[in-house]
Amino acid sequence: MPSKITRRRFVKICVLGMAGFFIAKLTGDPTQRTPGSGNLKEASFYRRADDLAG
Amino acid sequence: MNKVECTLCPRHCKLAEGQRGDCRVRTNVGGKLFSLVYGKPCAVNTDPIEKKPLYHLLPGSSAFSIATAGCNLHCLYCQNWEISQSQPENARSTPMSPEEVVSKALANRCRTIAYTYSEPIVFYEYTYDTSKLAKDKGLLNALVTAGYIEQEPLKQLCAVTDAASVTIKGMTEDFYQKMSKGTLKPVLDCVTTMKKMGVWVEIINLVIPTWNDSDEDILALVRWIKNYCGVDTPLHFSRFWPMYQLTNLPPTPESTLNRAWDIAKKEGLRFVYMGNLPTHHGNNTLCPSCGKLAIERRGYEILQDHAPNGKCKYCNFQLAGVWK
Numbered sequence: 054m055p056s057k058i059t060r061r062r063f064v065k066i067c068v069l070g071m072a073g074f075f076i077a078k079l080t081g082d083p084t085q086r087t088p089g090s091g092n093l094k095e096a097s098f099y100r101r102a103d104d105l106a107g
Numbered sequence: 194m195n196k197v198e199c200t201l202c203p204r205h206c207k208l209a210e211g212q213r214g215d216c217r218v219r220t221n222v223g224g225k226l227f228s229l230v231y232g233k234p235c236a237v238n239t240d241p242i243e244k245k246p247l248y249h250l251l252p253g254s255s256a257f258s259i260a261t262a263g264c265n266l267h268c269l270y271c272q273n274w275e276i277s278q279s280q281p282e283n284a285r286s287t288p289m290s291p292e293e294v295v296s297k298a299l300a301n302r303c304r305t306i307a308y309t310y311s312e313p314i315v316f317y318e319y320t321y322d323t324s325k326l327a328k329d330k331g332l333l334n335a336l337v338t339a340g341y342i343e344q345e346p347l348k349q350l351c352a353v354t355d356a357a358s359v360t361i362k363g364m365t366e367d368f369y370q371k372m373s374k375g376t377l378k379p380v381l382d383c384v385t386t387m388k389k390m391g392v393w394v395e396i397i398n399l400v401i402p403t404w405n406d407s408d409e410d411i412l413a414l415v416r417w418i419k420n421y422c423g424v425d426t427p428l429h430f431s432r433f434w435p436m437y438q439l440t441n442l443p444p445t446p447e448s449t450l451n452r453a454w455d456i457a458k459k460e461g462l463r464f465v466y467m468g469n470l471p472t473h474h475g476n477n478t479l480c481p482s483c484g485k486l487a488i489e490r491r492g493y494e495i496l497q498d499h500a501p502n503g504k505c506k507y508c509n510f511q512l513a514g515v516w517k
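In the order they appear, the protein sequences are chains A and R. Residue numbering for the first sequence is 54 to 107, as defined by this note's numbering. Residue numbering for the second sequence is 194 to 517, as defined by this note's numbering.
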């Protein structure tokens, strides 16, 4: 049976671990995210849907 | 809705929100098309200009060379497939603005910026903005490209481009379809437009055993160059080396390249070169007027230059090219 302190520590580690996991998920591997246009360069040659025939 | 159609290259990818083009580096965000690789080169080097290969553009000088991920062709033999066929996220890149590219080129005493390794057409905006700045600073701009581009963007780019080494991979639509998942006509149109717009053009042809190494294949290419570009347009036959998805073939035998060289010379092309055969005499430039050795090369190295500023010192004949 773990002591109170050990249990508190255990909970703390779990909470921090889960928080870290979610932060990594949100900010991590960019291949899994749709890029925002904030730091991208708009292309020079394209047509928008409203310009497309049909 | 929110679809866009990219009109940069002949593929005309129609992209729904979040989708990427065939090149992997242009994407639809909120009904607008964006480049994912602007200012994000994944390869940056200082190379001899002979490596591009551009043998008639300031021989012996250095070219500051940049590339990003992506390509709009998918050649089975691609030598740089690790970057050309990758997503930008998977190719490690260093942020570098057009201003930084130009200042690094000047700091490295380069006289040219080469947009190379992968395909400058797919990083069009980066190429164009950098080229404009480079021109203002007195640098030359050279494209190393497969020429798979639409005419309107090409013409805009030609206005800031001094030279191009364009690969004509084969002379049939069937070849382009099977080897590169592309088409031939836009490439030929690209070369003729570049010539018309005053860009110095050198043609590359990778000779691949069983694919494009027959006399007919070579003759078709040589005659097209002669008729549409002129006999002063350098042609580089390059030796194939088994790579990527074409490892089942042997390297091109030297005898095949010699045969190609003979055909091109016989048809009257003045400057025919051999690529990937560093010690071959086909790396040298001979004066078309007196026939003497004008520039002797070994690989990318100039051993002797008897044509300072492109003028043959034996007969004063001015060789075609960009020499100053």
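Just to be clear, a hint being listed does not mean it is correct.
What the hints assert, rightly or not - Pairs of lysine to aspartate or glutamate residues, derived as EDC-like cross-links and limited to a Cα-Cα distance of at most 20 Å, are as follows:
hint : chain 1 : residue 1 : chain 2 : residue 2
1    : R       : Lys517    : A       : Glu95
2    : R       : Lys207    : A       : Glu95
3    : R       : Lys207    : A       : Asp103
4    : R       : Lys244    : R       : Asp408
5    : A       : Lys94     : R       : Glu198
6    : A       : Lys94     : R       : Asp215
7    : A       : Lys94     : R       : Glu292
8    : R       : Lys328    : A       : Asp103
9    : A       : Lys94     : R       : Glu282
10   : R       : Lys325    : A       : Asp103
11   : A       : Lys94     : R       : Asp498
Honestly, the hints are just simulated from the structure, not real lab data.
We went through each hint and held it up to the structure:
For the hint pairing Lys517(R) with Glu95(A), the CA-to-CA distance comes to about 36 Å; that exceeds 20 Å, so the pair is violated. For the hint pairing Lys207(R) with Glu95(A), the CA-to-CA distance comes to about 16 Å; that is within 20 Å, so the pair holds. Using a Cα cut-off of 20 Å, the hinted pair Lys207(R) and Asp103(A) holds, with the two alpha carbons roughly 13 Å apart. About 27 Å separates the Cα atoms of Lys244(R) and Asp408(R), which puts this hinted pair outside 20 Å; it is violated.
For the given pair, Lys94(A) sits about 16 Å from Glu198(R) by alpha-carbon distance, which is consistent with the 20 Å threshold. Among the hinted pairs, Lys94(A) with Asp215(R) is consistent with the structure: their alpha-carbon atoms are about 18 Å apart, no more than 20 Å. Distance check on the hinted pair: Lys94(A) and Glu292(R) sit about 15 Å apart at the alpha-carbon level, within 20 Å; holds. A threshold of 20 Å between alpha carbons decides the hint, and for Lys328(R) with Asp103(A) the separation of about 37 Å lies outside it, so the pair is violated.
For the suggested pair Lys94(A) and Glu282(R), the alpha carbons sit about 16 Å apart, so the restraint of at most 20 Å is met. Pair hint Lys325(R) plus Asp103(A) does not hold up; C-alpha atoms about 31 Å apart against a cutoff of 20 Å. Between the alpha carbons of Lys94(A) and Asp498(R) the distance comes to roughly 44 Å, so the proposed pair goes past 20 Å and is violated.
When each numbered hint is compared with the structure, violations occur for hints 1, 4, 8, 10 and 11.
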